[in-house]
Amino acid sequence: MDLGPYLLFASLEGLVHAAVLSLIALGLSLVFGVMRIVNVAHGEFFMLGAILTWWVSNFVMGNPALGFLLALLIVPLVVGIIAMFSDLLILRHLKYDPEVTIIATIGILYIIQQFALMTFGPDARPVEQPFNIRLDLYWFGFSAYKFFVIFSAIILLFCVWLVMAKTKFGLILRATQLDSEIAQAFGIPISTVYSLVFGVGAAIAAVGAVLIVPIQQAHYLMGGEPLLLAFIVVIIGGLGSLKGTVVAAMLIGISDGIISVFFSPNLAKILATLLVVVVLLIRPNGLFRTIRI
Amino acid sequence: MLIVNNLTSYYSNIKILKELSFNLNQGQVLCLLGRNGAGKTTTLKSIMGLVDKTRGSILFNNEKLSGIPAHYIPKKGIGYVPQGRRLFLELTVEENLEIGLLARKKGKDTKDKVLSMFPRLKERINQISGTLSGGEQQMLALARALCIEPSLLLLDEPSEGLQPSMISLIRNSILELKKQGVSILLVEQRIEAILPVADEVIIIENGSKTFSAYAKEFKDKKTLQNLYNFTGL
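Sequences listed follow chains A and B, in order. Using the working numbering, read the first sequence as starting at 1 and increasing by one per residue. Using the working numbering, read the second sequence as starting at 1001 and increasing by one per residue.
Derived from the structure by calculation, the hints contain no laboratory data. The beta carbon of each residue, even a glycine, is placed where N, CA and C say it ideally should be. Careful, some of the hints might be misleading.
[Said to hold, decoys possible] Here are the computed lysine-lysine pairs in the DSS-like style, where the Cα-Cα straight-line distance is at most 30 Å:
1) B:Lys1105 <-> A:Lys166
2) B:Lys1113 <-> B:Lys1075
3) B:Lys1111 <-> A:Lys166
4) B:Lys1216 <-> B:Lys1178
5) B:Lys1076 <-> A:Lys95
6) B:Lys1105 <-> A:Lys168
7) A:Lys166 <-> B:Lys1113
8) B:Lys1064 <-> B:Lys1179
9) B:Lys1075 <-> B:Lys1064
10) B:Lys1075 <-> A:Lys95
11) B:Lys1179 <-> A:Lys168
12) B:Lys1064 <-> A:Lys95
13) A:Lys166 <-> B:Lys1122
14) A:Lys95 <-> B:Lys1015
15) A:Lys168 <-> B:Lys1106
16) A:Lys95 <-> B:Lys1105
17) A:Lys168 <-> B:Lys1108
18) A:Lys168 <-> B:Lys1015
19) A:Lys95 <-> B:Lys1018
20) B:Lys1018 <-> A:Lys168
21) A:Lys166 <-> B:Lys1076
22) B:Lys1053 <-> A:Lys166
23) A:Lys166 <-> B:Lys1108
24) B:Lys1053 <-> A:Lys95
25) A:Lys168 <-> B:Lys1075
26) A:Lys168 <-> B:Lys1221
27) A:Lys166 <-> B:Lys1106
[To be verified] What follows is a list of derived Cβ distance ranges for each label pair:
28) A:Val78 <-> B:Glu1094: 33 to 41 Å
29) A:Ala65 <-> B:Asp1112: 36 to 44 Å
30) A:Tyr110 <-> B:Lys1122: 51 to 59 Å
[Claimed, not checked] From the derived model, a few chain A residues whose C-beta atoms are all more than 10 Å from chain B:
31) Phe9
32) Phe85
33) Phe120
34) Ala124
35) Leu135
36) Tyr145
37) Ser152
38) Leu171
39) Ala175
40) Gly224
Work out the full structure: start from the sequences and follow the hints.
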């Protein structure tokens, strides 16, 4: 294969990861933006989404597309509800103190991870792709499912943008994000908003998990790397900025794909982390975040 | 309609208000006057339920406000114009008003009524509120609070940092609202800003009431001298 097609192949692979990464980072960014807390357990909600998908797809016999569709419907819902409960039972009682919350979410991280280890086991388990079609791209074949992943992520990102920009619920979220005290003084029940946002943030990550599992396999330790990359993405894009998150996810995801294919995956992570340092030095609020007084 | 009785408020165990008591009747303008840090803003925040720890009681239309969650308080018909305006600066004028309307599920009629009071906001309805001038921002903060059709309005230093023409515009709005029967609790630092509108003045120092006077006593030189002395002007 020539360099051109090879580069295209690497970019497409990168785009698939960028799509899923932007969903995970979006959840993290939403939670930080509105609640001002860093959710270290975010990657575990992603992992939970993956192993639940495995369960659902094994539970449903017959056509793998059926199990996949069912997973796409119920897994984000279940993960979202679990996240809401962890907010209700733990975070709310800590009054969202930034430092204490970090420790608490580390605790949630281990609880979910060990729960997964005890029930799901230490093995990586594959989930069958809902449809197995290869598209012939002249130089190489590429799985149609991967295009579906990219397409689904775009749809979901668009929906999130639509909700944030055009609905009353979105307006309430933005107002809470900008000034939670004044939001309260205008009748917004911010603790309910916080629980919902924590649930929705985890559910968006779970959608990413449902989409990626047929490509990547489910494993109880799979939440660590996406969490690191999601942090990198939201730092570069600017916490709480939807546009910045998507652009940074594309940047990190695609360059990760290209560097991984041409050099090594480790080099890709090293460069991404280096980029964070540079961004923090020259634009500490992220590339797309205007400084607010 | 508003009865504050022995209100004591704390910020992380530091006593800010010490057994403050006052009444506000319907359609009256009560002014809290005092220096920086005297506890004026804390009084308003306590009424809005935004102070974690309070003692004493706050009654509004014979309903207890102390102890209920903060987001229920505006639904009772209390509008709040906080110090420094505290607009949602990245939202448009219209979105800021929308937040006010949502509090008591008010609709287009309320919005039109409020906008007719402030035609300048109507012209800038789609502008990001952070790009408005100081006076326009203060108008918007007031308009946002009026979107809940309040029977009680809490105003925290509405004249702060405004040019004289804006101050008189805000003052006229206060008089207009008073005529409509809205009760107003007004916090100010400068005595000139309140004398034309106030029915009663309370001086707060170190979280307690040290002096109070009714409007008819303002003409009395000694009372006036007392007021000036307490505010240090």
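Against the structure, the hints come out as follows:
1. B:Lys1105 <-> A:Lys166: Between Lys1105 of chain B and Lys166 of chain A the Cα gap is close to 18 Å, so the pair holds against 30 Å.
2. B:Lys1113 <-> B:Lys1075: holds (19 Å)
3. B:Lys1111 <-> A:Lys166: holds (19 Å)
4. B:Lys1216 <-> B:Lys1178: holds (17 Å)
5. B:Lys1076 <-> A:Lys95: Distance ~26 Å between Lys1076 of chain B and Lys95 of chain A Cα, so the pair holds.
6. B:Lys1105 <-> A:Lys168: Since the Cα atoms of Lys1105 of chain B and Lys168 of chain A sit roughly 12 Å apart, the hinted pair holds (cutoff 30 Å).
7. A:Lys166 <-> B:Lys1113: holds (24 Å)
8. B:Lys1064 <-> B:Lys1179: holds (26 Å)
9. B:Lys1075 <-> B:Lys1064: holds (13 Å)
10. B:Lys1075 <-> A:Lys95: holds (24 Å)
11. B:Lys1179 <-> A:Lys168: Violated: Lys1179 of chain B and Lys168 of chain A sit about 33 Å apart, past 30 Å.
12. B:Lys1064 <-> A:Lys95: holds (25 Å)
13. A:Lys166 <-> B:Lys1122: Since the Cα atoms of Lys166 of chain A and Lys1122 of chain B sit roughly 20 Å apart, the hinted pair holds (cutoff 30 Å).
14. A:Lys95 <-> B:Lys1015: Holds, at roughly 21 Å.
15. A:Lys168 <-> B:Lys1106: Between Lys168 of chain A and Lys1106 of chain B the Cα gap is close to 14 Å, so the pair holds against 30 Å.
16. A:Lys95 <-> B:Lys1105: holds (28 Å)
17. A:Lys168 <-> B:Lys1108: holds (15 Å)
18. A:Lys168 <-> B:Lys1015: Not OK: Lys168 of chain A and Lys1015 of chain B at ~39 Å, beyond 30 Å, violated.
19. A:Lys95 <-> B:Lys1018: Holds, at about 26 Å.
20. B:Lys1018 <-> A:Lys168: Cα-Cα ~40 Å, so violated.
21. A:Lys166 <-> B:Lys1076: holds (28 Å)
22. B:Lys1053 <-> A:Lys166: It is violated: about 37 Å lies between the C-alpha atoms, which goes past 30 Å.
23. A:Lys166 <-> B:Lys1108: holds (18 Å)
24. B:Lys1053 <-> A:Lys95: Status holds; Cα separation ~14 Å.
25. A:Lys168 <-> B:Lys1075: Between Lys168 of chain A and Lys1075 of chain B the Cα gap is close to 18 Å, so the pair holds against 30 Å.
26. A:Lys168 <-> B:Lys1221: violated (54 Å)
27. A:Lys166 <-> B:Lys1106: holds (19 Å)
28. A:Val78 <-> B:Glu1094: 33 to 41 Å: holds (38 Å)
29. A:Ala65 <-> B:Asp1112: 36 to 44 Å: Since Ala65 of chain A and Asp1112 of chain B have Cβ atoms about 52 Å apart, the given range 36 to 44 Å is violated.
30. A:Tyr110 <-> B:Lys1122: 51 to 59 Å: Given about 55 Å between the Cβ atoms, the range holds.
31. Phe9: Correct as stated: the minimum Cβ-Cβ distance to chain B is 41 Å, above 10 Å.
32. Phe85: At roughly 21 Å from the nearest Cβ of chain B, Phe85 of chain A sits farther out than 10 Å, so the non-interface label holds.
33. Phe120: At about 40 Å from chain B, Phe120 of chain A clears the 10 Å cut-off, so the statement holds.
34. Ala124: Ala124 of chain A clear of chain B: closest Cβ-Cβ about 44 Å, beyond 10 Å.
35. Leu135: It holds; Leu135 of chain A is separated from chain B by about 42 Å at its closest Cβ, greater than 10 Å.
36. Tyr145: holds (39 Å)
37. Ser152: Holds, because the least Cβ-Cβ distance between Ser152 of chain A and chain B comes to about 30 Å, which exceeds 10 Å.
38. Leu171: violated (6 Å)
39. Ala175: It is violated; Ala175 of chain A is separated from chain B by about 5 Å at its closest Cβ, not greater than 10 Å.
40. Gly224: It holds; Gly224 of chain A is separated from chain B by about 34 Å at its closest Cβ, greater than 10 Å.
Violated hints, in rising order: 11, 18, 20, 22, 26, 29, 38 and 39; the structure is consistent with all others.
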